[in-house]
Each structure stands twice: as C-alpha cells, then as structure tokens.
Amino acid sequence: MDCNRMGGGAAGRPLRKGTMAGRKVAVAGIMVGALALGGCSGWGFGPNGGEAGDSPAESGLGKFFRGTFAAPKQLDTSNMQPITQCPPVSVRFGQQTYLVGAKGAINNPQDVRYQVSLTDTARECTAAGDNVQIKVGGAGRVLSGPKGGGGTVTFPVKYQVADSAGKMLYSKTFKVSATVDPTIGAVAWAYVDDGIVVPARTDLQIFVGFDVPAQKIPAAQMTPPSQDDSPDGGF
24 MDCNRMGGGA AGRPLRKGTM AGRKVAVAGI MVGALALGGC SGWGFGPNGG
74 EAGDSPAESG LGKFFRGTFA APKQLDTSNM QPITQCPPVS VRFGQQTYLV
124 GAKGAINNPQ DVRYQVSLTD TARECTAAGD NVQIKVGGAG RVLSGPKGGG
174 GTVTFPVKYQ VADSAGKMLY SKTFKVSATV DPTIGAVAWA YVDDGIVVPA
224 RTDLQIFVGF DVPAQKIPAA QMTPPSQDDS PDGGF
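With the numbering used here, letter number 167 in the sequence shown gets 190, and the count goes up by one each step, no holes.
The hints are simulated quantities; they were obtained by calculation from the structure and are not laboratory data. Any given hint might turn out to be false.
[Said to hold, decoys possible] Distance condition first, Cα-Cα at most 25 Å in a straight line; then the derived DSS-like pairs of lysine-lysine:
{"#": "1", "residue 1": "K181", "residue 2": "K198"}
{"#": "2", "residue 1": "K126", "residue 2": "K181"}
{"#": "3", "residue 1": "K198", "residue 2": "K170"}
{"#": "4", "residue 1": "K170", "residue 2": "K126"}
{"#": "5", "residue 1": "K158", "residue 2": "K126"}
{"#": "6", "residue 1": "K158", "residue 2": "K195"}
{"#": "7", "residue 1": "K190", "residue 2": "K158"}
{"#": "8", "residue 1": "K198", "residue 2": "K126"}
Remember, predicted model here, so these are calculated numbers, not experimental data.
Put together the whole structure using the sequences plus the hints.
Rendered as structure tokens:
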C-alpha cells in the first residue's frame, strides 16, 4: 500500500450526498483509511505488533496497553518468596481444656479452681530452602471455678508437627501463665511458637493443645462467670 496516496471514494469515484449507499461506503472508507494509517504510523497492529524482533511489551500494541512508550520495567525476582503451602492446624480431642484444682487433685467439680480453654489457632509459613519455618499461635481464656478467685495460673501448651504417617517431626511444650482479676473472673491468653522448622512437605499436620493427663471432670460441667465484661478469647 502506498501511504502517500490515500483518499478518494470507492474505486476513486465521487459519492453522491444524501444516499444511504454513499454514507455506508464513506464509513467503510474511513475505517479502511484508519487501519492503513495505523500501519503507516508504526503502531504495529500486525502479527508481531511492531518491528521484527520486538518483544510483545515493546511493540506498538504493547505500549498502547501499557499506557506508556517508556521501556518496560524488569521485575527483580531475587526478592520474591516462593509460594509456601502452610499445613492445617488441628486441636487434638481432649486437649482443648485444662483444669487446675485447688489442691492439685480434682475429684468433683467443686475442686476446680481454674478452667483454661483453647478456642483459636493461627499459623504462618515461610520457605527456608528445603525446609519450612512455621509460626503457630494458640489462644483462649481462663475462667475461675468454684475454688477460683484472683491469681496467676500456669498451664502447659503443646505444639506439634507430624506427617501423614503419624511420625512426629516437631514437639515442644511451653509453660504459659495468665493472671485472673478476681473482680472479673476471666482473662484472655495467647502464645506463639515461632521456632518450628521442619522439612517442606505436602502432608504435614500441625497440632496445638494442652499437655494434659486424663481428667475426670469434663469442661461441660463447668459454669462460666456471669459478668458481662468477661473478655472474649480472640487471637
């Protein structure tokens, strides 16, 4: 196509004004002319979108969609972290409640001084070579029992990571403390274990729970305090 010889009607014939056929041919001529001008102006709406050897981002069409004629920016992939699959968290059955007796042993509900509950868990994973570093948190609250009142209670919280075959890859128990205000009768607690490093696998399972022996009094027999201002056990 000769870019210097543009214009004229269909087949070089003048169009008569006021006719539908003339208007249709005129519109078609404008569209063809626009496309021809696009090819002549270097916009590159062809198969390669520009000069031979141009990358898609550097082609005329690529510059049009990027909204700039500046050279495309190269992303620095050195600071990008790989996508890490974070294992699910579960609380083992029977390890969501910890009871503290007034004199150690608990023979009936009236012996309970504090009931500690685990209500929330959270985790965060980061790739570390062939390993995965896991940060796991547990949270809940402490309720005063019949022998309760104010004071500090200490309870064991266990964090574990196992594979699908049940092999334990990590297990550690922490002593966590919380102080109960006698005027409220309840307090929230939270603890995070950020020292877990295990081989990166797709069949891992995280467990959080209290490291408890067999306890006779189920949590359902405990009555929470009636104060309206008792804190919620969020994490």
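Original post:
Going through the earlier hints one by one, which of them does the structure break, listed in rising order?
Top reply: 5
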